[in-house]
Amino acid sequence: GQQVKQSSPSLTVQEGGILILNCDYENDMFDYFAWYKKYPDNSPTLLISVRSNVDKREDGRFTVFLNKSGKHFSLHITASQPEDTAVYLCAAGEAQGGSAKLIFGEGTKLTVSS
Amino acid sequence: EAAVTQSPRSKVAVTGGKVTLSCHQTNNHDYMYWYRQDTGHGLRLIHYSYVADSTEKGDIPDGYKASRPSQENFSLILELASLSQTAVYFCASSDPGGPGQLYFGEGSKLTVL
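Which chain is which? The protein sequence lines are P and R, in order.
Following our numbering from start to finish, the first sequence increments by one per residue and tops out at 114.
Following our numbering from start to finish, the second sequence increments by one per residue and tops out at 1113.
Only chain P is shown next, with the shape it has when bound in the complex:
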């Protein structure tokens, strides 16, 4: 089964708007959570990540919220810009166990319209 799942295959938001991308995971041993951004024909790049010892991390317009009891984490983007148009991939893994595995969700295609 899908260990990491994104609820929305696609989202559209107007420029300047706020949006939330969601990700659910199954393995309660996961303690590392990340969001990657991918432009078409490019490789994914890390946008923001968080360890399980915190429930929120902010970096400019991007904030990740972690709800461990609900096995859920989300990416909030404020003041959306056209250059935010991309595929966003959530990912989770088990850092404390020493595992190198990082499991990705299916991706959410975000379109920011101007």
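Hints are computed from structural coordinates only; laboratory data are not their basis.
Please note that the accuracy of each hint is not assured.
Derived CB-CB ranges, DEER-like [stated by the list, open to error]:
#1 P:Glu15 with R:Thr1039: 32 to 40 Å
#2 R:Lys1018 with P:His72: 37 to 45 Å
#3 R:Val1012 with P:Glu58: 44 to 52 Å
#4 R:Lys1018 with P:Val54: 41 to 49 Å
#5 P:Thr45 with R:Ile1060: 21 to 29 Å
#6 R:Val1014 with P:Leu46: 18 to 26 Å
Heads up, the beta-carbon is just placed ideally off N, CA and C, and yes, glycines get one too.
With chain P's structure known, arrange chain R on it following the hints.
Just chain R, lined up with the frame of chain P:
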């Protein structure tokens, strides 16, 4: 600048043929990965490696072999390519100590006819 480079960037193979995708990293990272990207599936882990001369199965290893002859190099081998293996393949590396930031290569687009 640290980098992960893949070759070939694009390949057309025939069904039943052998395909080798190569990956080279200058990040001095211990961990290396092979993922495949398909529409609607995001990135799925095929094989990964903690150290040279050792590989681990990921979530979808069937039909693929991996080889890690050195810290810098990690290859993905399709002994008998099939139509269902048409995809974009990404190699990545990361620091040791558990999953962290992955540094991806540019991707290799494989078309099996």
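Results for each hint:
For Glu15 (chain P) and Thr1039 (chain R), the hinted distance range of 32 to 40 Å is not satisfied, since their beta carbons lie about 26 Å from each other. About 43 Å separates the C-beta atoms of Lys1018 (chain R) and His72 (chain P), a value consistent with the hinted range of 37 to 45 Å. Our hint of 44 to 52 Å for Val1012 (chain R) and Glu58 (chain P) holds, since their Cβ atoms are close to 45 Å apart. For the pair Lys1018 (chain R) and Val54 (chain P), the supplied restraint of 41 to 49 Å holds, since their beta-carbon distance comes to about 47 Å.
Look at Thr45 (chain P) against Ile1060 (chain R): about 23 Å separates their beta carbons, and that is inside 21 to 29 Å. For Val1014 (chain R) and Leu46 (chain P), the hinted distance range of 18 to 26 Å is not satisfied, since their beta carbons lie about 37 Å from each other.
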